[in-house]
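Whole structure, please, built from the sequences with the hints as guidance.
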Amino acid sequence: MNTLLRRTIFPIYSNTLKISCRSLTDAPIKEQIDKIVKNNKVVVFMKGVPDAPRCGFSNAVVQIMRMHAVPYDSHDVLSSEDLRQGIKDYSNWPTIPQVFINGEFVGGCDIMLQMHQSGELIEELKKVGIKSALLTAEESKQKEAEK
Amino acid sequence: MVYTEGYLKEKLTKDLDAVHVEVTDDSDGCGAKFSVLIVSDKFQGKPLLARHRLVNAVLQEELKSIHAFTQKTLTVEQWNAQKS
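So the sequence lines, in the order shown, correspond to chains A and B. Just so we're aligned, residue 1 is where the first sequence starts under UniProt numbering, counting upward by one. Just so we're aligned, residue 1 is where the second sequence starts under UniProt numbering, counting upward by one.
These aren't lab readings, by the way, just hints derived from the structure by calculation. Hints may be right or wrong, so weigh each one.
Stated by the list, open to error - With a cut-off of at most 30 Å between alpha-carbon atoms, the simulated DSS-like pairs for lysine-lysine come out as follows:
1) B:K46 <-> A:K38
2) A:K127 <-> A:K30
3) A:K30 <-> B:K64
4) B:K64 <-> A:K127
Following this line, the structure appears as structure tokens:
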């Protein structure tokens with residue numbers, strides 16, 4: 001009876017245990033990311049930190065943000081393996097860096113670069129109430145010309 | 001698994017009905033860093049993010065070992081405009 005019980009009950013028990021363990025570890029990172037991207041207008045998940053990016057693609061995104069003088073929240077995925085995998089799962093995007101504006105995934109380095117070149121980035125920032133420094137510079141240039 | 005320019009080009013061309021694909025291995029042959037240009041009308045009417053997601057989906061397996069991947073996704077119309 002005892003063996004039978006162990007054979008039948010234990011696998012079920014250990015299965016549920018495994019499932020509940022997994023959801024316990026999964027949920028917080030997803031929730032954490034959710035909170036991060038929803039509490040900040042612009043968030044960058046990158047390798048390294050803005051002052052010392054540790055990957056050329058992350059550096060490119062940092063430079064773009066700098067050009068537009070965008071205030072943003074940055075997170076170093078190299079500091080946490082949980083975050084590194086978690087962010088890929090969260091946005092269903094295979095690479096780092098990743099940029100979020102207003103809680104929404106916008107893209108990685110290629111997309112940011114192309115949005116920067118097309119002027120789309122200025123528009124996206126405007127939507128969340130951030131005025132790009134490039135726009136400010138453009139306007140003052142126009143004012144100068146009108147004088 | 002090491003991927004080659006030729007392998008990626010063939011797969012992208014086939015799966016995305018591309019009229020033109022350029023794949024460049026930027027890794028000196030170790031196969032972990034690529035840039036691609038894909039011209040396909042499958043991108044028509046799709047924003048950039050959706051286009052890139054389409055490409056990522058095609059290379060879902062491959063991107064697990066390719067860690068640097070740059071992509072340009074153009075429609076035939078955009079490509080022609082860029083050439084002229």
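Results for each hint:
Of the pairs offered as hints, the one joining K46 of chain B and K38 of chain A holds, with about 25 Å between alpha carbons and a cut-off of 30 Å not exceeded. The straight-line distance between the Cα atoms of K127 of chain A and K30 of chain A is roughly 26 Å, inside the 30 Å bound, and the hint therefore holds. Simply put, K30 of chain A and K64 of chain B have alpha-carbon atoms about 21 Å apart, close enough for the 30 Å limit, and the pair holds. Only pairs whose Cα atoms come within 30 Å are accepted, and K64 of chain B paired with K127 of chain A is rejected, the gap being roughly 34 Å.
In the structure shown, a violation is registered for the earlier hint numbered 4 alone.
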